[in-house]
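With the hints as a guide, bring the two chains together.
Protein chains in written order, with this note's numbering: chain A, 1 to 367; chain B, 1 to 159.
The set of hints was computed from the structure by calculation and includes no laboratory data.
In this text, a Cβ means the ideal position worked out from N, Cα and C, and glycines have one as well.
A portion of the hints provided could be inaccurate.
Footprint (simulated), chain B over chain A, 3 or more residues, beta carbon under 8 Å [unchecked claim]:
(1) 9 to 16
(2) 175 to 182
(3) 334 to 344
For lysine-lysine, the following DSS-like pairs were computed, each having C-alpha atoms within a straight-line distance of at most 25 Å [unchecked claim]:
(4) Lys-352(A) x Lys-131(B)
(5) Lys-336(A) x Lys-6(B)
(6) Lys-131(B) x Lys-360(A)
(7) Lys-4(A) x Lys-53(A)
(8) Lys-131(B) x Lys-210(A)
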Amino acid sequence: MDIKRDQRRFKQIVRGRIRDNLRKYITHGEMIGRRGKDLVSIPVPQLDVPRFKFGKNGSGGVGQGDGEVGSPVGKPGQGPQGAGGAGSEPGSGHLMEVEVTLDELAEMLGDELELPRIKPKGNASVEAEKSKYNSVRQTGPESLRHFRRTYLRALKRQISTGVYEPLEPRVIPIKADKQYRSWNDVPIPHVNAAVIYMMDVSGSMTDDQKEIVRTESFWIDAWLGSQYKGVQRRYIIHDAVAKQVDEHTFYHTRESGGTRISSAYRTAAQLIDREFPAELWNIYCFQFSDGDNWGDDNRQAFELLTDRLLPRVNLFCYGQVESPYGSGEFLDSLEKQFAGNETLVLSEIPDKDGIYESIKTFLGKGR
Amino acid sequence: MTLAQKLLAGLQTSLGQTSVALTVDEGAREVNCKALQCEQLAVTVTDLTLETSELAGIDLPRIQAASQALCSRVNYLLEPISPIETDAQGCTVQMRSNPPQQDDNGCRYYELLLRRGGSVALHRYEKQPGKARVRVPAVLTHEVLGRLVDDFSQAVDGI
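Just chain B, with the same shape it has in the complex (with noise of 0.2 Å):
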């Protein structure tokens, strides 16, 4: 069973439940998803995260040029990805949803980071007019939970 098929019967096992916190790993990988919500058709994520190991030693290029390949795959979410800034010193790029969804209540964007060490992480944000940003839950159906995980094991695959 792949990492997605296995978060995906977990989340079968929880339907109905609130704060759900999933943990399922495959070899050195292993991904992480908290929801508020879990339910027959979507998932309401506030983190979603695939920790491995294999990131451990390698270099700044190497990890951008995945994050290339991670943002062209993922292009089912509300909003387009892409790369916005690379930490060369904690070797990291994080991508954003770009544009990101404004309307009059605001806006609100994907934000997906990967890390040297390792890790690729996806949380959704939102910034109301006149109040502090915060972290929202991003809704998500269950088919496209699992495959985020898989483009997120792919990336990991990319390096």
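Looking at chain A on its own, in the form it has when it is part of the complex (with noise of 0.2 Å):
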């Protein structure tokens, strides 16, 4: 019991100490390489490892050496002492891995940054299917057997064929008997979400923008995942031309086309249409570019966000990534274009440390 207690303990440890520098692991992207299907690892410096600590019990230990009879053995500490000192270089320091869930992280996210509980539009209307052991049928496998009803049955079967003797109580079941445990799908309304992250990767877009974005996108994941059952991802890459890709090829990707944000707007349109009917999804937008839409594109991308993207999701979000030519003129338009408009969100993410804030905005508004 004791073991498990400090165990306990030992847990609150870590997590504390991962609360206590999220920010560190919010800004910095390095947790994304380590993250596996629901769990992730992070590396958790200056932490003391539990580690046993050996009494005296007042005992030394075996002699060793040439000796006379009747000579004492030492006692511990008594030795002399050796002529080691501490080392010359640095110590390299530990760091313990400690596996997180999403969902956990995401809550530490949500207390951290004071995120709001999402509230879903429209009703639950997408049905999932999902399996309920809420049958009974006559074959199975053992592990599935219902020990009631199959006792029940060959109780049944006894008595009615007078084998059974109420004054020497046996029931014993034969394979007719035996009944085991079935399922249905059952459809359970569900609330779902898309999700539509879009990415500039014209030539202006290094890869310290690109990894900007992956970190502030993995943390917006986390936190959609973490409100939602059944979010769906959708990834599109544009420079002049927009095109929906896989995970991987849109944190990847880097071309030399200019930037035509317009295209990307039109893509995630026809995605919203064929896809995701507004009515049954909570669709969120997430867009990140460092800015810079070639001059002429920015009325007909105004003009797709009014009519085919804003009045259909739930909310879009508009990161303008800082590249080294500075940030462009896109947000600034955005901004006195669609001023007041409560589904547009714009946040300008100047570096790294700009991620925790961005995220703040995006989500800050438990839509």
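Here you go:
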């Protein structure tokens, strides 16, 4: 029992340490590479690893070397001092890897950034199949055998055939008596969410900018994943032309084309038309660019936003990531064009340290 | 007289003046130079553009090749220049300082645009921390300015 208590306490300490350093973890994407299916492995520095402490127990060790009968065995700590000293090189530090579930991480993020719980729009009208063990059948694996029903059936059979003797009540099921638990697929109402990530991969977006996008998307994804069951993710990259890609391509592509943001908006609108009817889905769009849109494209982009995207999404977030050439004018233009629009959230991300505030801006609306 | 010689001659007549706008032409080519100040040694240029109808019907690969050639010739500015983005739709190549000049006061860089239609233009931008990016004048000696105009001309010749 004691060791379990100690283990629990150690876990609490570890989680406390993660919470303390969460801001650092949010702004540095090191943990993303350590992501498994449901768990994230986090390196926690400066954490004392539990270890056994040996007591003195008042006795020495086994004597060694030449000795005469009757020579006393030395006591611990009484030997001559060695010539050793502290090493001259700095220690490498002990990095302990701690595994945390994505939901736990999202919860910590929510607490740290004081994020409101998301209120899904509309009704839970999308149905998902879920297996429920709510029926019985006569075949199945032994592990699913229903003992009570099996014995009840055996009892009925024995009584009806006159085999059962009340004075010597012995019920022995035969193969025909055996009953097994079975499942049915039950449709369960589900509130579903679709997240569409869009990124500018034109020549002016460097790997550093993409790393910022990757880190921010990881946290956004963790939060939305904790708020909805069954989040569908789609990825769109664009320069002058947009295309839908998988997650890996999304983060690792670099093109040299010019920036036409309208191309991404058009592809996102088509995707929503095709796969995510707005009345059934909670749709989130997150777009990242350095804001260097080719001048004449703004008008088209704004038309698509106004007519085909903003009316259908819960939230449209635009993050402008500063490139080595500074930030472009797209964010300012959006601000002027859509002043007061509740669905559109804008954020400027000057560097990695800006990720924290940006996530707070994007997800702080609770929509 | 070449375009560069004509422009430099025009600058000589504008020495000591502020808000100078000069236009010189040679055949189908026209150079527009706007400067905040024109001094004996250098000019603070806000806009330098060579416009020509010779670039009207050219295709994207030729524009790209010309931009590469231009970048390799223009190696005497504060930062090296290289093509950053190519807009196939508008048939335009954007070249910028690569890497831009960066210090505690933000970043500064040149931007050259080569467009079908057409024109070659040079501007300089600055982005200070926490402020919006703005176009700033590029301080160029008369000699560098003349050389730039020559190189713009050669870029058009090479297409």
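Verification of the supplied hints:
no.	hint	result
1	9 to 16	violated (count 0)
2	175 to 182	violated (count 0)
3	334 to 344	violated (count 0)
4	Lys-352(A) x Lys-131(B)	holds (18 Å)
5	Lys-336(A) x Lys-6(B)	violated (44 Å)
6	Lys-131(B) x Lys-360(A)	holds (22 Å)
7	Lys-4(A) x Lys-53(A)	holds (17 Å)
8	Lys-131(B) x Lys-210(A)	holds (22 Å)
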